[in-house]
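Bring the two chains, given one by one in their own frames, into a single complex with the hints.
Just so you know, the sequences run in chain order A and B.
Here the first sequence is numbered in the working numbering, starting from 58 and rising by one per residue.
Here the second sequence is numbered in the working numbering, starting from 90 and rising by one per residue.
No lab work stands behind these hints, which were simulated from the structure alone.
Note that the Cβ used here is the ideal one computed from N, Cα and C, for glycine as well.
Just to be clear, a hint being listed does not mean it is correct.
[Stated by the list, open to error] Taking CB as the label site, the calculated pair distances span:
hint	chain 1	residue 1	chain 2	residue 2	range
1	A	A312	B	F283	39 to 49 Å
2	B	A347	A	D275	51 to 61 Å
3	A	G98	B	V206	52 to 62 Å
4	A	R164	B	R261	42 to 52 Å
5	B	F283	A	R213	16 to 26 Å
6	B	M220	A	R168	43 to 53 Å
7	A	E86	B	F187	42 to 52 Å
8	B	H264	A	R168	20 to 30 Å
[To be verified] Some residues of chain A that are not near chain B, with every Cβ distance over 12 Å (derived):
hint	residue
9	E107
10	T108
11	S179
12	T271
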Amino acid sequence: MAMTTETDGTAKAGTPKISLKSVFKVFGERPEKALELYRSGKSKAEVHAETGNSIGVLDASFDVYPGEIFVIMGLSGSGKSTLLRLLNRLIDPTSGSIAIDGEDITRMSRRELIELRRRDISMVFQSFALLPNRTVLNNAAFGLEVAGMGDAERHRKARAALEAVGLAGYADSRPDQLSGGMKQRVGLARALASEPTILLMDEAFSALDPLIRTEMQDELVRLQSEHSRTIVFVSHDLDEAMRIGDRICIMQDGAVIQVGTPDEIVMNPANDYIRSFFRNVDVSQVFKAGDVARQTQVTIIERQGVSAAAALERMKNYDRDYAIILGRDKTYHGMVSQASLIEKVRARDADPYRSAFIRDVEAIPADEPLSNVLGRVASSPWPVPVVDQRNRYVGSISKSALLETLDRAG
Amino acid sequence: MDFEIGSGVDKAVNYVLDNYSPALDVIATAIGFVTSGILNLLSAIPMPVGIAIFVVLSLWRVGFGFALFTGLALWLVQHMGLWAATMETLALVIASTFLAMIIGLPLGIAMARKDTVAAAVRPVLDLMQTMPAFVYLIPAAMFFGLGAVPGTIATVIFAMPPVVRLTNLGIRQVHGEFIEAGQAFGCTPSQLLFKVQLPNALPSIMAGINQTIMLSLSMVVIASMIGAGGIGNTVLTGIQRLDVGTGFEGGLAVVILAVILDRITQSLGKEGVGLRRFLVWKPAESKVPQPRTATSS
Numbered sequence: 058m059a060m061t062t063e064t065d066g067t068a069k070a071g072t073p074k075i076s077l078k079s080v081f082k083v084f085g086e087r088p089e090k091a092l093e094l095y096r097s098g099k100s101k102a103e104v105h106a107e108t109g110n111s112i113g114v115l116d117a118s119f120d121v122y123p124g125e126i127f128v129i130m131g132l133s134g135s136g137k138s139t140l141l142r143l144l145n146r147l148i149d150p151t152s153g154s155i156a157i158d159g160e161d162i163t164r165m166s167r168r169e170l171i172e173l174r175r176r177d178i179s180m181v182f183q184s185f186a187l188l189p190n191r192t193v194l195n196n197a198a199f200g201l202e203v204a205g206m207g208d209a210e211r212h213r214k215a216r217a218a219l220e221a222v223g224l225a226g227y228a229d230s231r232p233d234q235l236s237g238g239m240k241q242r243v244g245l246a247r248a249l250a251s252e253p254t255i256l257l258m259d260e261a262f263s264a265l266d267p268l269i270r271t272e273m274q275d276e277l278v279r280l281q282s283e284h285s286r287t288i289v290f291v292s293h294d295l296d297e298a299m300r301i302g303d304r305i306c307i308m309q310d311g312a313v314i315q316v317g318t319p320d321e322i323v324m325n326p327a328n329d330y331i332r333s334f335f336r337n338v339d340v341s342q343v344f345k346a347g348d349v350a351r352q353t354q355v356t357i358i359e360r361q362g363v364s365a366a367a368a369l370e371r372m373k374n375y376d377r378d379y380a381i382i383l384g385r386d387k388t389y390h391g392m393v394s395q396a397s398l399i400e401k402v403r404a405r406d407a408d409p410y411r412s413a414f415i416r417d418v419e420a421i422p423a424d425e426p427l428s429n430v431l432g433r434v435a436s437s438p439w440p441v442p443v444v445d446q447r448n449r450y451v452g453s454i455s456k457s458a459l460l461e462t463l464d465r466a467g
Numbered sequence: 090m091d092f093e094i095g096s097g098v099d100k101a102v103n104y105v106l107d108n109y110s111p112a113l114d115v116i117a118t119a120i121g122f123v124t125s126g127i128l129n130l131l132s133a134i135p136m137p138v139g140i141a142i143f144v145v146l147s148l149w150r151v152g153f154g155f156a157l158f159t160g161l162a163l164w165l166v167q168h169m170g171l172w173a174a175t176m177e178t179l180a181l182v183i184a185s186t187f188l189a190m191i192i193g194l195p196l197g198i199a200m201a202r203k204d205t206v207a208a209a210v211r212p213v214l215d216l217m218q219t220m221p222a223f224v225y226l227i228p229a230a231m232f233f234g235l236g237a238v239p240g241t242i243a244t245v246i247f248a249m250p251p252v253v254r255l256t257n258l259g260i261r262q263v264h265g266e267f268i269e270a271g272q273a274f275g276c277t278p279s280q281l282l283f284k285v286q287l288p289n290a291l292p293s294i295m296a297g298i299n300q301t302i303m304l305s306l307s308m309v310v311i312a313s314m315i316g317a318g319g320i321g322n323t324v325l326t327g328i329q330r331l332d333v334g335t336g337f338e339g340g341l342a343v344v345i346l347a348v349i350l351d352r353i354t355q356s357l358g359k360e361g362v363g364l365r366r367f368l369v370w371k372p373a374e375s376k377v378p379q380p381r382t383a384t385s386s
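Here chain B stands alone, though its shape is the one from the complex (with noise of 0.2 Å):
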């Protein structure tokens, strides 16, 4: 039998061109206000607060040594003349991150909840993980055009998987005792969830969110092809005109970008209570005397 896989393909995608625009045109206005809201925020911080706020927070976070790394790190990213196109870069990968744990989060627990969406959903994660990430990039500008949309679209689906595929294993990985617990003291469904599975797979969920923002970011230097800009303009310019200097000027400030990512999110999901110790370290240290005053009231 003779059939062509490709051709079927190319109509689904001019069916759906031609029958769904207004739908697409939908999604294109709220991905664009999302990327270009984080974009606008991100350059309007003046550079030297820029390089301050992440010094802290890796001062914070991780450490002096990482910290020290941090600046002269960034330091040498401005001096090369690509601070700009980092933050753009930082920017689309936020954008990503934040729509693929949207989408990737519920998803993950609708895995872990029901074993038919899992057996479902795994094969999909399968496709978008190892088809290789140039394939997206043709429907993604088809749909959408050129420019930041379509680059995070793209992005959107090649780094989502991570953030699924840990969200669903660490709500399975949960000790049976934890549910048993949560179900004998009269949890509801979506209390033992809130409660209990998902505080306890957060370093979990953590690892995922940190997988997607590194996938997100080598996808969103791919992405440049469609014109989704950032440092990935500097690496394309620098192989289209065989500027060995300029691509390797590029390449180093996504790997400085890659780093820096890497080890704040790590730090965030290194520990159970890491994300808590994150959202309220005030009242973590005024903790000593509270006993005191409480038992003798």
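With the rest of the complex left out, here is chain A (with noise of 0.2 Å):
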């Protein structure tokens, strides 16, 4: 089965934005004790009934790379939202390193975390956390001005980030005048203002009805498209997570379970806690057309002067109605079928193939969702081609194969 693993590529390329090396965080009274006893081999659970302390982030280690967007996927109470903190340390480590552009932010000062807050590192809430008494554009410009940047700057800079977020006019409105859609996209601004080279988002879209999360998930995508930042996304959802993720880190219990591509993760769980997501998730989002096609069609190469007669043999040898034609550097040219093509060849038609071809054959981009061909291949008589950017032929999607890959799901 093809698979597009473009993503793969370029998200791993250079040095990490951000390190994790083997991070722990325990809750309670004598964390060291905690964490010596858990070391010496025993449970969680054993650590907890012998200290009463609660191990919220377990050994947890991980690279994330600049520009893409890094999912911290997980249902609640798995530590997913102690680990973001754990990120710009509004909660500090038990133990470990994070460094951010190589640098342990676990040594760092109070002082020197103030600075690294205001000028790398901006965050998203769940509920907004808009502070009320403030207009939407004092509540864009709440980092700058924290920061010590004077009025007509941080104002300047506020209204640009209100205005990439589609709020231009509402810079003197309240936040309870608001939606809870344009509420995010204020948060959105707040956090993009001091233009951070990291955006911490805290389960940013939770809050928000189905059809404004896809939008405000779309707008993010937009965002990071003209200008490219490092985002680290938490969230329960695995929609959301493959929708936007180019990479996805899957909790269990305070553990990182599993770090890869959506598609990684869909193809290869690693355990049945992450088999068990894709039972509500809608796999048609997830695949692209070029990871169902097969190559289970009979293909026929056109070259000048050589027989349709072959290629019917071929066609009747593996029984098949339909055959896709292909020129020699496998761009695909058209789609015929058995009883069109015997028709051209008695007829001795000049072409017999250009002629023959099936008129309503429309062949699809591999890197389209399979959700918007799910239609056009289940109403299809014939199977479907699917080509790549250069309009080489990839192979093309059968009822049956379709069938069998979101069955996938159930």
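What follows is the structure, given as structure tokens:
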């Protein structure tokens, strides 16, 4: 089966922006003691029973690369929000190192940390956390104001950020006059105004209704395409993770279970816990047409002077009603049915393939999400051909192949 | 075991009196300065202007009906011949509330920031609130003699707890995500306090100030027993002479002042933006055309 892995190659290029090495967070009175017990081989539950401490994040190690949307995914209580807050030290880790641009933030002083938060990292919250006593503009300018930027300059930057999220006309409104989606746009503008290199998003769209949520996801991807930042996005919604994530990190009970591209995770889930997520996920959002296309159809290479009779013979041998006609360089030319080809050959047509092409067949681009082509494949009497960006034939999607793919979800 | 708490307190008071009288004088001078300053200011305002100010305040902050009540009620006070006494009482209330806020707001903030401070201050507040109000009058009079100064001090002690408690409560109740947002965007602890915690705790703090004003008013009347003056004197005279009419007149003036102060101060804390709207009323009105000029540039 063909797989699109282009996200893989680009995302992993270069040095990591954020790098976690064996990070633990223990909540409670005597964290060192609990950590010692855990390292001596006791389980999380045993440590809790013995010391009353709970381990929130358990030996997390992963890298986040510049410019990627890295989604941390897990059920509630899996430690994903705690993990996110370790990245700007709203919560201090118990042990391990967290490097941002190569610098270990766990060793930073309070002062350096404040500078880091003002300059490099901003955050978007689940319940927006807009200050109700401030106007939209002053909310958006909050980070800059705290950093000591002058009135004129910070208002200019905040207005630019509001414009970027489509709220230019609401600068003087108050947060309680806005809808949920608009509030989160303000939250996003506030985070973008200081032009950070890292954006932390804590279930940022979870409080929004599904339609607005999708819209905000698209908005985020659009903003990312205009100006690339490193985004760490926490979500409990696998659909959301699959939709926007370049890579996904799946957490369970405080531990990182799997890190990979959406494809990798769908194709090779690390355990049953991850597999269980897919019962509810819409696979058609995850797969692209190219992932499902198979080379099971008869392909005929169009050559001048070679009789179509040989082609017909092959179709009969393979017992196929349809064949794909390709150029020498594998470019897709068209599709013929056995009946129409026989007719043209008998009529001694000068160019039997061209005149036998089925008119309604339109090739699907390989990177088209499966959800967009479901209807066309289902209503088509023949397998639908799929081509790559250079119009080369990738394979075709038959109804049975489609059903088989969708069945994996169940 | 047998020991006398009462004689111990006596000894302590005498010790302070013997050894710290210069310090007491400084306190008395400072408080006297505040109290007499406010009193002079209020008594300099002619009665009709005073009534007009209250009516306008009521009309603006509360509404037409209440403005009508304010006008009639104050006219009644004037008619009973208690206008000057009422202004004197108001001056004492304002001075006491002012001092209670100066001490109470920082104390409340300190309680909110440190649990140990909160644990230490809470029993003191309980004591201040539950100790019968008259008990404060004795040491106040001993330390500072008779008059408006000891009256103000006794009033401050009695009336301060609500503003301390509600400042503490208000700051502690600020939603955790606001605090996280403040920290995540790089607030220093003092920026967090002034830009995030205090603005969001404002409704609660205003409720505390309102309660402090009400308690001040009730205590100021009692403090007339040590010569604080004001409407309390009228009430006291009524009691001493068993003159029901005079007592009732004084009582009525207190009630009228209480209702007016309560409604007006409540309207300030009704919503988070109440005080802000009160302070920047004019610019808020000219807001509408602003975005257009700004976006076109």
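Structure-based check of each hint:
no.: 1; hint: A/A312 / B/F283: 39 to 49 Å; result: 41 Å, holds
no.: 2; hint: B/A347 / A/D275: 51 to 61 Å; result: 59 Å, holds
no.: 3; hint: A/G98 / B/V206: 52 to 62 Å; result: 43 Å, violated
no.: 4; hint: A/R164 / B/R261: 42 to 52 Å; result: 32 Å, violated
no.: 5; hint: B/F283 / A/R213: 16 to 26 Å; result: 24 Å, holds
no.: 6; hint: B/M220 / A/R168: 43 to 53 Å; result: 46 Å, holds
no.: 7; hint: A/E86 / B/F187: 42 to 52 Å; result: 44 Å, holds
no.: 8; hint: B/H264 / A/R168: 20 to 30 Å; result: 27 Å, holds
no.: 9; hint: E107; result: 27 Å, holds
no.: 10; hint: T108; result: 23 Å, holds
no.: 11; hint: S179; result: 6 Å, violated
no.: 12; hint: T271; result: 24 Å, holds
Violated hints, in rising order: 3, 4, 11; the structure is consistent with all others.
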